[in-house]
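Engineer: So you can see what is in the structure, the chains are spelled out below.
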Amino acid sequence: MVLISLLSTSLRAFASEQQPFEFGEMARPPFTLPKLPYAYDALEPYISAQIMELHHSKHHQTYVTSLNDALLFQAQAVHTTNIVSQVSHQQLIKFHAGGHINHSLFWENLAPASSSEAKSSAAPKLSNQIASTWGSEEKFREAFKAALLGLQGSGWGWLVKVEVGQEQRLSIVTTKDQDPIVGKGEVPVFGIDMWEHAYYLQYLNGKAAYVENIWNVINWKTAEERFIGTREDAFKILKAYV
Amino acid sequence: MNGHTSAEERAPLQKSTSSLHIHIQPTDSRTSIGNMSTSLFRASALRCALRASAPTTASRAGLASTAIRGKATLPDLAYDYGALEPSISGKIMELHHKNHHQTYVTSFNNFSEQIAEAKQQENIQAQIALQPLINFHGGGHINHTLFWENLAPTSQGGGDPPTGALSKKINDSYGSLDSFKEKFNTALAGIQGSGWAWLVQDTQTGAIGIKTYANQDPVVGQFRPILGIDAWEHAYYLDYQNRKAEYFKAIWNVVNWKAAEKRLK
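Line by line, the protein sequences give chains A and B.
Position 212 (the first sequence) corresponds to 212 in the UniProt record's numbering; numbering is contiguous.
Position 2 (the second sequence) corresponds to 2 in the UniProt record's numbering; numbering is contiguous.
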């Protein structure tokens with residue numbers, strides 16, 4: 001309800017400033033905050049309920065709201081064939097859309113530590129390829145940890161399936177700020193949020209401990225599904241909350 | 001962007017990320033440099049720079065000891081950790097200074113030694129690979145040192161408006177101090193990710209302006225730092241969480257404009 005009222009407020013504000021343009025159904029900002037597949041406290045003690053609630057209901061919500069706002073401006077700019085305005089909004093759209101995409105995938109690739117999804121045995125095919133790529137799951141985790149701790153500033157670390165011709169390779173990829181994994185042939189398998197808001201209330205400057213602990217709540221079942229599935233499958237969560 | 005990978009670079013990353021791992025050795029080698037004034041910091045930075053360049057004329061065997069003598073140290077704060085409350089809590093200040101800033105200092109020294117070794121070994125690849133780490137951690141050290149200095153408790157002049165030449169430049173460029181703060185806060189709010197906003201002075205024209213910098217990129221080159229505000233989440237999250245606009249509003253109550261005035265030329 002809050003979202004709807006926010007949206008309609010911004011719609012009204014925008015419409016009144018930008019007359020005589022009127023929005024049809026097509027221009028209505030479409031994105032909504034996905035529901036978490038577990039309770040805010042379900043990832044305790046590794047990620048606190050306080051972090052999860054702020055992260056989901058505030059940070060992710062802001063990306064959704066700002067994305068819808070930016071898309072509204074974009075629609076106006078397209079309608080008026082204002083190419084300067086369109087280009088000037090692209091980075092805003094990328095940032096907030098990236099924030100929405102990244103967090104939507106992130107919630108789904110986490111699971112309560114006590115669940116069967118949180119064991120790497122829930123991902124037999126992915127585990128095989130991890131072992132053949134890095135030598136062992138342990139070595140993979142070490143490489144992932146090093147990549148995460150090497151980030152300078154805000155960003156994400158992802159395990160990515162890269163389709164190269166007929167082959168499928170795995171790669172650890174770090175991205176800055178909210179840049180999403182959307183390259184051709186790239187499927188995000190799971191991501192770890194390295195923005196300070198993802199861990200600071202609990203871990204403070206001890207981000208290495210966060211990086212260690214998050215392995216307890218990785219949803220390997222989701223990771224396996226994304227690994228086996230297509231790129232479109234991986235992003236299906238986004239379509240569910242339009 | 002430093003430390004991030006583009007699509008083209010991704011494939012080889014798998015095997016080589018461990019070389020980017022930042023090893024942090026907690027250290028108690030905190031040395032007091034007393035009341036840190038801008039000039040003192042600059043002198044200290046200058047000495048470091050002089051020492052770093054000295055080995056070109058010195059013997060190579062002397063490199064390691066030169067690097068050790070030129071080590072950066074964590075500056076003392078000119079006020080107590082709790083002195084900026086309620087704008088910034090004592091807990092944030094303590095973590096920010098004693099942990100975050102210390103890590104930048106320690107890592108900067110660590111990577112400075114590594115780059116000195118790489119130079120000694122004429123390993124150009126290693127030198128280039130280390131440059132982003134020098135920029136990041138050296139930038140973190142510079143930025144935080146300037147930041148502590150351009151803050152002050154209200155009892156020591158924090159929040160008192162600028163005077164003299166800086167006040168005139170702000171009024172000429174922005175109409176009023178309030179209008180300047182509004183534009184500065186808009187710049188802060190627009191940072192996508194971690195970074196800083198600075199009031200800078202163009203060294204060529206003398207004009208002032210507001211610029212944002214990603215991550216720990218320091219204000220160097222064409223621009224001179226006059227006043228910086230840290231927009232990393234660690235600078236405010238314990239007090240303000242996602243309500244960063246409240247932090248940006250509150251911090252003006254503890255801005256040390258006297259320090260900013262001294263930086264203006």
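Honestly, the hints are just simulated from the structure, not real lab data.
One or more of the hints may lead you astray.
Said to hold, decoys possible - Listed next, with one range per pair, are the computed distances between beta-carbon atoms: (1) Thr81(A) with Ile134(B): 42 to 50 Å; (2) Thr163(B) with Ile83(A): 42 to 50 Å; (3) Glu85(B) with Val87(A): 41 to 49 Å; (4) Ile134(B) with Ser114(A): 42 to 50 Å; (5) Asp76(B) with Gly165(A): 53 to 61 Å; (6) Gln91(A) with Ala207(B): 21 to 29 Å; (7) Ile83(A) with Thr73(B): 26 to 34 Å; (8) Glu142(A) with Glu122(B): 49 to 57 Å; (9) Ala131(A) with Thr205(B): 24 to 32 Å; (10) Ile134(B) with Asn216(A): 47 to 55 Å; (11) Gln90(A) with Ser179(B): 41 to 49 Å; (12) Ala245(B) with Val87(A): 26 to 34 Å; (13) Val87(A) with Lys265(B): 52 to 60 Å.
Unchecked claim - Derived DSS-like pairs: lysine-lysine, alpha-carbon spacing no greater than 25 Å straight-line: (14) Lys58(A) with Lys239(A); (15) Lys71(B) with Lys58(A); (16) Lys94(A) with Lys184(A); (17) Lys125(A) with Lys221(A); (18) Lys119(B) with Lys169(B); (19) Lys91(B) with Lys58(A); (20) Lys98(B) with Lys119(B); (21) Lys265(B) with Lys98(B); (22) Lys181(B) with Lys258(B); (23) Lys244(B) with Lys262(B); (24) Lys207(A) with Lys211(B); (25) Lys35(A) with Lys119(A); (26) Lys249(B) with Lys181(B); (27) Lys125(A) with Lys139(A); (28) Lys265(B) with Lys181(B); (29) Lys91(B) with Lys207(A); (30) Lys249(B) with Lys58(A); (31) Lys244(B) with Lys94(A); (32) Lys91(B) with Lys249(B); (33) Lys184(A) with Lys207(A); (34) Lys211(B) with Lys258(B); (35) Lys211(B) with Lys94(A); (36) Lys168(B) with Lys258(B); (37) Lys258(B) with Lys94(A); (38) Lys221(A) with Lys139(A); (39) Lys207(A) with Lys169(B); (40) Lys168(B) with Lys211(B).
Glycine included, each C-beta is placed from N, C-alpha and C at the ideal position.
Engineer: Decide, hint by hint, whether the structure agrees.
Structural biologist: A quick look at each hint next to the structure:
Separation of threonine 81(A) from isoleucine 134(B) is about 47 Å and conforms to the stated range, judged on CB atoms against 42 to 50 Å. Range check, threonine 163(B) to isoleucine 83(A): Cβ separation about 46 Å, and the 42 to 50 Å hint holds. Hint check: glutamate 85(B) to valine 87(A), Cβ distance near 44 Å, so the stated range 41 to 49 Å holds. The given range of 42 to 50 Å is respected by isoleucine 134(B) and serine 114(A), whose C-beta atoms sit roughly 44 Å from each other.
With their beta carbons about 59 Å apart, aspartate 76(B) and glycine 165(A) fall inside the hinted range of 53 to 61 Å. In this structure the supplied range 21 to 29 Å holds for glutamine 91(A) paired with alanine 207(B), their Cβ-Cβ distance being about 26 Å. Judged by the Cβ atoms, the range 26 to 34 Å given for isoleucine 83(A) and threonine 73(B) is violated: they are separated by roughly 52 Å. A C-beta distance of roughly 31 Å is found between glutamate 142(A) and glutamate 122(B), which places it outside the suggested range of 49 to 57 Å.
Checked against the hint of 24 to 32 Å, the C-beta distance between alanine 131(A) and threonine 205(B) comes to roughly 60 Å, which is inconsistent with it. For the hinted restraint 47 to 55 Å between isoleucine 134(B) and asparagine 216(A), the CB-CB distance of approximately 35 Å leaves it violated. For the hinted restraint 41 to 49 Å between glutamine 90(A) and serine 179(B), the CB-CB distance of approximately 29 Å leaves it violated. At roughly 27 Å, the beta-carbon separation of alanine 245(B) and valine 87(A) lies within the given 26 to 34 Å, and the hint holds.
Valine 87(A) and lysine 265(B) have their C-beta atoms about 37 Å apart, which leaves the hinted 52 to 60 Å range violated. As the CA atoms of lysine 58(A) and lysine 239(A) are separated by approximately 21 Å, the hinted pair is consistent with the 25 Å bound. Simply put, lysine 71(B) and lysine 58(A) have alpha-carbon atoms about 42 Å apart, too far for the 25 Å limit, and the pair is violated. About 16 Å separates the Cα atoms of lysine 94(A) and lysine 184(A), which keeps this hinted pair within 25 Å; it holds.
The suggested pairing of lysine 125(A) with lysine 221(A) holds, with an alpha-carbon distance near 11 Å, which does not exceed 25 Å. Taking the CA atoms of lysine 119(B) and lysine 169(B), the gap is about 44 Å. The hint is violated against a cut of 25 Å. About 23 Å separates the Cα atoms of lysine 91(B) and lysine 58(A), which keeps this hinted pair within 25 Å; it holds. Straight-line distance between C-alpha atoms of lysine 98(B) and lysine 119(B) comes to about 31 Å, which puts the hinted pair past the 25 Å bound.
Annotation: proposed proximity of lysine 265(B) to lysine 98(B) is violated, straight-line Cα distance about 31 Å (limit 25 Å). Taking the CA atoms of lysine 181(B) and lysine 258(B), the gap is about 16 Å. The hint holds against a cut of 25 Å. Taken as a hint, the lysine 244(B) and lysine 262(B) pair is broken in the structure, with Cα atoms around 28 Å apart against an allowance of 25 Å. Proximity of lysine 207(A) to lysine 211(B) is assessed by CA-CA distance (about 29 Å); at most 25 Å being required, the pair is judged violated.
Between lysine 35(A) and lysine 119(A), the direct Cα distance comes to roughly 23 Å. Compliance with the 25 Å bound is thereby established for this hinted pair. About 9 Å separates the Cα atoms of lysine 249(B) and lysine 181(B), which keeps this hinted pair within 25 Å; it holds. The hinted pair formed by lysine 125(A) and lysine 139(A) meets the criterion: a straight-line CA distance of about 17 Å does not exceed 25 Å. As the CA atoms of lysine 265(B) and lysine 181(B) are separated by approximately 21 Å, the hinted pair is consistent with the 25 Å bound.
For the hint linking lysine 91(B) to lysine 207(A), the alpha-carbon distance of about 17 Å falls within 25 Å, and the restraint holds. Taking the CA atoms of lysine 249(B) and lysine 58(A), the gap is about 19 Å. The hint holds against a cut of 25 Å. Of the supplied pair hints, the one linking lysine 244(B) and lysine 94(A) holds, its CA atoms being roughly 21 Å apart against a limit of 25 Å. A threshold of 25 Å between alpha carbons decides the hint, and for lysine 91(B) with lysine 249(B) the separation of about 19 Å falls inside it, so the pair holds.
This hinted pair does not check out: lysine 184(A) and lysine 207(A) have alpha carbons roughly 31 Å apart, beyond 25 Å. Straight-line distance between C-alpha atoms of lysine 211(B) and lysine 258(B) comes to about 20 Å, which keeps the hinted pair within the 25 Å bound. As the CA atoms of lysine 211(B) and lysine 94(A) are separated by approximately 21 Å, the hinted pair is consistent with the 25 Å bound. A threshold of 25 Å between alpha carbons decides the hint, and for lysine 168(B) with lysine 258(B) the separation of about 14 Å falls inside it, so the pair holds.
A hinted pair counts as satisfied when its Cα atoms are at most 25 Å apart, and lysine 258(B) with lysine 94(A) does not qualify at roughly 40 Å. Distance hint between lysine 221(A) and lysine 139(A) is fulfilled; the C-alpha atoms sit about 21 Å from each other, no more than 25 Å. Between lysine 207(A) and lysine 169(B), the direct Cα distance comes to roughly 42 Å. Violation of the 25 Å bound is thereby established for this hinted pair. Distance hint between lysine 168(B) and lysine 211(B) is fulfilled; the C-alpha atoms sit about 19 Å from each other, no more than 25 Å.
In terms of the numbered hints stated before, the structure departs from hints 7, 8, 9, 10, 11, 13, 15, 18, 20, 21, 23, 24, 33, 37 and 39, listed from lowest to highest.
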